[in-house]
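Novice: One line per chain: the protein sequences are A and B, in this order.
Its first residue numbered 47, the first sequence is counted upward by one per residue in our numbering.
Its first residue numbered 47, the second sequence is counted upward by one per residue in our numbering.
Think of the hints as simulated: they come from the structure by calculation, not from any bench.
Glycine included, every Cβ here is placed at the ideal spot set by N, Cα and C.
One thing to keep in mind: the hints can contain errors.
Said to hold, decoys possible - Which bits of chain B does chain A cover? Going by a derived footprint, with three or more residues having C-beta under 8 Å, they are: (1) 75-82; (2) 159-170; (3) 200-206; (4) 272-279; (5) 300-313.
Unchecked claim - Below, a list of computed lysine-lysine pairs in the BS3-like style, where the Cα atoms sit at most 27 Å apart: (6) B:Lys-94 x A:Lys-266; (7) B:Lys-141 x B:Lys-94; (8) A:Lys-266 x A:Lys-95; (9) A:Lys-196 x B:Lys-266.
2 protein chains.
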Amino acid sequence: ETSIKTKDKASYKNGVLVKDRKHCTYESRVTTTDHPLASTLFELMSTKKTNLCVAADVTTSQELLALADKVGAHICLLKTHVDILQDFSQDTIDKLKALAEKHNFLLFEDRKFGDIGNTVAQQYGGGSHNIVEWAHLVTAHGLPGDGIIKGLMSAANGRTRGCVLVAQMSSEGTLTSQEYVQGCTKMAEKHTYFVVGMVSQSNVSSDPRFILFTPGVQLKKAGDTLGQQYVTPKAAVLERGADVIIVGRGITQAEDPAAAALIYKEEGYAAYLERIEQKLENPSAVGS
Amino acid sequence: ETSIKTKDKASYKNGVLVKDRKHCTYESRVTTTDHPLASTLFELMSTKKTNLCVAADVTTSQELLALADKVGAHICLLKTHVDILQDFSQDTIDKLKALAEKHNFLLFEDRKFGDIGNTVAQQYGGGSHNIVEWAHLVTAHGLPGDGIIKGLMSAANGRTRGCVLVAQMSSEGTLTSQEYVQGCTKMAEKHTYFVVGMVSQSNVSSDPRFILFTPGVQLKKAGDTLGQQYVTPKAAVLERGADVIIVGRGITQAEDPAAAALIYKEEGYAAYLERIEQKLENPSAVGS
C-alpha cells in the first residue's frame, strides 16, 4: 500500500519526493489522487479553467435553479444548504442534477455533519433530503472522531461520493486550534478513500491528494454582523493555499451574478496560475 | 448586573458563595437560573421526578409519535433528529407538540448546528423543517465561535428558545480537547440569556445555571460499530455530573419502550437523589 508522509513543503510517496500540493497543476493532480471524484474535479477545473465554487445560499428552488444556470459555466462546484430551501422537493433535485450535467460542475452539500457515526449515516442517507443520492461531496466536522467518516461511508454504500473535512472556519472566535487542525488532517490521511480534502483558511496540507477549499472569499474584504470575515480570491489562493475558492454573497447578491462569477473565476484562476509560475521562477516565494 | 465566577467546586454570585451545581436540587435551580426555559425544565423535572431525555432516533412520523406517546409520562425532554424522518410534515410537528403538551415534556432538536452565524440563522429559522417554530431547545457546536449563538438568537427573534452547546462528545477519537471544552464553557457564560447548558461527558461546569446533558447512556455498557461508547445512568449522574441523561437505543430498541423508559427514569432519578444525599452526608464524596 502507498502512504504519503507530509514533511514541511515536500511530500514523500514510497520514499520518493513528490511535489508540494501548491506547486502542482490541477491537471497533474488528476492522476496523483486515487479518489475518483477528486480526479473528476481536477479534470473539470483544468478543462473549464476555474477553481470557483459558488455558495448558493438562497431560500427558494426557483432562485437556486436560476443561480445554478447563470453561474454554471464558470464554476467547478455549486455549494448548497438544502435545509434552507423553503420548498425543497425531488423535482428541485432532478433539475439541479440536470444543470450540473449541462454545465459540467459537481454538487457540494455543505451540511457540516457533526454527529456520531450512527446518526450521520441516517442524516446523510435518509430523511426528506436524502443527500447521498444527489450530492457528490459533503462537508463534515472532524470533531466527533473518525466514526463520522465511517458513518458517512456506510451510507454512501459504494456510491462514488466524497467528504470534505472542515479543518478551519472563517468566523471570528472559532475554536479550531492548531491541535484541532492536526487532528482533522490525520483523520483525512487515514481515510483518503473517502476524504477528498479540507475546508481551510491556511495551508493545512502539502499533500497533493488533498483539495483545500477556502470559504469566506469576497473581492471587497470586510465582514458581516454575525462574525463572518472575508478574504480576497488572490489572498485565498496565494497566501492561504486554497485550491478552490468559495464565494457566496459576493456573487449571489451581485446585480449580475453571472458577470460576477466570471470575474471571480478569472481572479481565482489567475492567482492559481501565478502560484504555479512563482514556483518555476522562485520556489521559496511560495511560503506556507 | 449579576455575574457568577466558577472556582473549583464553589461558585460566587456577587461575592457570595453559592452552591456547586451538583449539590443543588432541581427545584432550587428553578430560581437560580435566569433563563425561562431552564426554569420550566427544572420545574417539570422536579414535578415528574425525571431527568430522562429519550433520543427518538426513528425514521418515520408514525414511529416518532408512537414512541413519544409511550415514553412521554417518564421524560423531561424528547430529543429528535427531524432530518432523519422520511415523511416529515407540519402535521407531524403539530401532533408532536400536542403530545409534548399532553405529557408535559419539552422538544429538543439535536441539530448540532455547526456553521457561521448567517448560515445557522437560515437553517434554524427557515427551510422545510423550520426548527425554531417548534423546538424549545437545539444543540449547537461552539466550534465556529460565538457568532453561531448570535445567529441562532437572531432567528429565535424573541421567542422563548434555548441552545445547548456540545462541549464534549461520547464518540471514540473525538477532538474535543480540554481547551475546546473551556472555549465552549466561556461561550456559554457569555451568553446565559440563550445557552441553557452543555452536552458533556464530564463535570465541565459547577455553575448551577447550566444544565449538563450526557448522551450515550445505556444500562448495558458497550458500544456500536461506528465509534459510539456507552455509560450507565448511575455513572452519568454520579461520576460525570449529568443533570439530564440521554438514552437512545436502550429505550427505542427495547421490546417495551415505555417499560424501559420507566426503568431509566427511576435509575437516573435515584442517582440524582444519591448525589444530593451524598452532599449532605459527606460533601467531599462528590468529586468532579
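Novice: Each of the hints needs a verdict: does it hold here or not?
Specialist: Hints and how they fare:
no.	hint	verdict
1	75-82	violated (count 0)
2	159-170	holds (count 9)
3	200-206	violated (count 1)
4	272-279	holds (count 3)
5	300-313	violated (count 0)
6	B:Lys-94 x A:Lys-266	violated (56 Å)
7	B:Lys-141 x B:Lys-94	holds (22 Å)
8	A:Lys-266 x A:Lys-95	holds (23 Å)
9	A:Lys-196 x B:Lys-266	holds (23 Å)
Checked against the numbered hints listed earlier, the structure breaks hints 1, 3, 5 and 6; every other hint is satisfied.
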